[in-house]
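Q: This is what each chain is made of:
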Amino acid sequence: MGGGGRASFLLLVAPALLLTLAFYFVPLAQVLWISVTEPNPGLENYALLATSASIGRMLLTTARICVATTMVTLLLGYCVAFALTRATPSLRRVMMIGVLLPLWVSVLVRSFAWMTLLRREGLINDALLASGLIQQPLALIWNELGVVIGMVHIMLPYAILPMAVQMRQIDPALTAAARGMGASGFGAFYRVFLPLSLPGLLGAGVLVFIFSLGFYVTPVLLGGGRTLMIAEYISIQIVEVLRWGTGTMLATTLILAIFALLAMLSRAIDLRGLFGAK
Amino acid sequence: MTRQGRASRVGAWTVICFLLLPITVVLPISLTDQDFLSLPVDHLSLQYYRKLFASAEWLSSIWQSLVIALGAAIIAVVAGALCAIGCWRRGSRASEAIRLLMLVPLIVPTIVYVLGLYRLWVRLDLLDTYTGIIIAHAVTAIPYVVIIVSTSLAGFDARLEQAARNLGASLRQTLWMVLLPNMMPALVSSAIFAFIHSWDETVIVLFIGGRAIFTLPRRMWQGINDNLDPTMAAVASVLIGVTIVLLAADLVLQRRRGR
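Protein sequence lines, in the order shown, are assigned to chains G and U. The opening residue of the first sequence carries number 1 in our numbering; numbering runs sequentially from there. The opening residue of the second sequence carries number 1 in our numbering; numbering runs sequentially from there.
It cannot be assumed that every hint is accurate.
Cβ-Cβ distance ranges computed for the label pairs, FRET-style [claimed, not checked]:
#1 U:Ala7 x G:Ile170: 31 to 41 Å
#2 G:Gly224 x U:Leu39: 50 to 60 Å
#3 U:Gly168 x G:Ile97: 41 to 51 Å
#4 U:Ala7 x G:Gly180: 43 to 53 Å
#5 G:Gly225 x U:Asp33: 48 to 58 Å
#6 G:Leu60 x U:Leu160: 49 to 59 Å
#7 G:Ile97 x U:Asn182: 24 to 34 Å
#8 U:His43 x G:Ile170: 50 to 60 Å
#9 G:Ile97 x U:Ile74: 42 to 52 Å
The hints are simulated quantities; they were obtained by calculation from the structure and are not laboratory data. Even glycine gets a Cβ: it sits at the ideal position worked out from N, Cα and C.
Required output: the full structure, derived from the provided sequences and hints.
A: What follows is the structure, given as structure tokens:
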């Protein structure tokens, strides 16, 4: 590395840089700009964060769903990541297909599939009714439960992959040594492996939480209009009530919250590793 | 294996079944003989695939999605790969900054970006046009291309490129004859990724599409909100099928590169 002149460098990066600046960063900056200029210049839009009851309710719903999604995703993902590090190479390959395949299927298709499974007349309720386990169909969808199920499904691969990478760096000799010195299987895991895997757990947790905050498709389809998260709330401001000031203010708040969380996380671990840039 | 090991293995496979459940369930539903979303009762039927491929609306959406995804992928791969090469050769603070900049679109939720994009497209008169949607999809796909190509270049011996330059090759000759052949698998991977990114993209097209731009995800969104009929399951199966075929092609290529 280190070769290549300045002119050829600029020439090579120019197309991507110009496209991204003109058609990504300019519109993004405009969102921030509108939030402090429409309808009137100043911070009046931001005052709504403190004064509007419906915005307060929506922020709480968003936080609640994202926390629930993150907890469930980490718990389930940890299980898979742990099993991945212990599996034989051929078994690991099969498991990886199971983890990666959903990642490639569109969020829209997956939300639709959950609708067929979870709705009142859906396959899961049908099966449970037919087996006699329940008498009334369960309300699995068009509420917060449905949104969390759909979001956990989308976030799981994003949690499993970084956790598995981090767990593989833990020396297996350490748990073996703990066992050798008389620790039980669970003791060795709880006292040695779990603390060593915490950085991966933390990184995955923040990543999942951040990505969950901005979800649009899944909450709209699986929440059924009753579970209003921030992205849907923003779109309603723009499309239905035409309040650009409120919409862009919430959008700005959303990215500020995301970058604040990322900044906190970057003190703990190397972020670029998480995003695969390294 | 300890009891914990077994428990974690059972847990892991349960989670993997959970991951695969919604993807596998749409295929049998799409083959239903009923007239609502359900598993086939008496026999398998292709009626909803016939309905899908006989519908002018769905066909035009498939065609639009194809054109848009191809256009976006070509732009994203050319721009993104050149950018990755530039950053790799230079390796300076400037290229580090560019790589960081490229992470922003991956982090910022699409709903935030699309508000600004909508306003810009109003001003440039690009709402509801092929150009508008292709640019938006290309720009949001560029970061993925930069990351995929950068990762592959990190394992490439820079001296090969320097040797070519020292032997008198021009920049263009070096790109074509030394770098390109070595980068082919990464380019194909990133092209597939960029294509799928556009092919599946929902939020941007919901906002900046109108009468003219009605891609497959937008048509499906409308169908889900209007009437949940089993044609949706057929569409979903086709989308999953396309994804699996592309993914398999990529896997084969990666394996060949591995040798």
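Q: Kindly indicate which numbered hints from before are broken by the structure, ordering the numbers from low to high.
A: 1, 2, 4, 5, 9
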